[in-house]
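Trainee: Mapped onto mature numbering (1 follows the signal peptide of the UniProt record, and there is no 0), the consecutive letters of the sequence shown carry residue numbers -31 to -1, 1 to 325.
A couple of the hints might just be wrong.
Subject to a maximum C-alpha distance of 27 Å in a straight line, what follows is the list of computed DSSO-like cross-link-like pairs (lysine-lysine) [what the hints assert, rightly or not]:
| id | residue 1 | residue 2 |
| --- | --- | --- |
| 1 | LYS302 | LYS104 |
| 2 | LYS141 | LYS104 |
| 3 | LYS104 | LYS135 |
| 4 | LYS141 | LYS302 |
| 5 | LYS150 | LYS104 |
Please keep in mind that the hints were generated in silico from the structure rather than gathered at the bench.
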Amino acid sequence: MRKHPGLSRRDLLKGASTVLAGTAFSTRVMAAAPAAEPVTPALIEAAKKEGQVVYYTSTDLPVAEKLAKAFEAKYAGITVRVERTGAERVFQRVGQEYSSNIHAVDVVNSSDAAHFIVWKRDGILAPYVPEEVAKYYPEEHRDADGQFASFRVWLSIIAYNTNLVKAEDAPKSFADLLDPKWKGKIVKGHPGYSGTIMTATYQMQRDLGWSFFERLAKQNIMQVQSSTDPPKKLDLGERAVMADGNEYNIFQLKEAGRPVEPVYATEGSPIIVGPNGIFKDCQHPNAARLFQSFALGREGQQLNVEIGGLRSVHAQAQEKAGRTPLKDIKTMKDDPVAVEREGESIKSHYTRIFRV
């Protein structure tokens, strides 16, 4: 895939928008979509003979490992090797491995949907449509050629530490974060490391303008890398408020009795989609298909919701009681085409503003 390991993300993503048409996962149809495939005894047996599936993911490690353990419990004899890092590093790693003819990864997940456009364009994804994806997924959340589908959906949100901030004093909007009272008290992620933050930063600068970030930078922000980091800093009391970060980590912490509370900004919360796909030259193709079916099926999706704090587009997945339903939250609009087109510019502009 990646002929020149030194190329930038922009170089690698160049031209990806030409295969997009409208919605997040509406790519130009390259061939007839494959028929949906059920999980059969033959597939299970073939997967058990392979004995392993290698999963590269930008999902928070505890969530990814719980999914892996649930799969292993259901399909004894097949182990899942979880390799977790930020979305940009997942993308770089795949590029470096493929440029060296190394095909270590079987199934991949990224919080930057544009990565799947590139992998599809380069012809390295395998078409595979699990039966439940065909039955229960909205069309806009599954690739027209069956090469990937939405594994997880979540928000990048504001949140606060309830030991440090009273509910009545908490920010209600992004504009509120600019209040001088929050100077030195805010933590946020970095778009150069995290696909979630890249996507969120694009949506926020589009809707709020770069002037928002210029003013936010004057608040003496604690800058961290991953979108999983702001909730952790919040929980530890190292900062009172987070400007962005994973909603699902806040759910996990709050439901474990930790002093955190989500805030859905009045301007709208950035929404992020993280697809799953299989590489066609992977070493464990049958185990990969079985794992993909599990991850995108109701069982895996409900686990994402219940344990992972994620949202699901599977029609049979149920929201967890006590959480604000996604339909009741004002969200910004996802646009992976624009993220692909403007990604390098966003990172450089952000770095200039925050000097990180």
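Trainee: Look at each hint and say if it fits the structure.
Mentor: Do the hints match the structure? See the list:
1. For the hint linking LYS302 to LYS104, the alpha-carbon distance of about 25 Å falls within 27 Å, and the restraint holds.
2. Note on LYS141 and LYS104: the hinted pairing is violated, with a Cα-Cα distance of about 38 Å set against a maximum of 27 Å.
3. Pair hint LYS104 plus LYS135 does not hold up; C-alpha atoms about 45 Å apart against a cutoff of 27 Å.
4. In summary, the hint linking LYS141 to LYS302 is supported, as the alpha carbons are separated by about 19 Å, within the 27 Å threshold.
5. In summary, the hint linking LYS150 to LYS104 is not supported, as the alpha carbons are separated by about 50 Å, beyond the 27 Å threshold.
Checked against the numbered hints given earlier, this structure breaks hints 2, 3 and 5; the rest are met.
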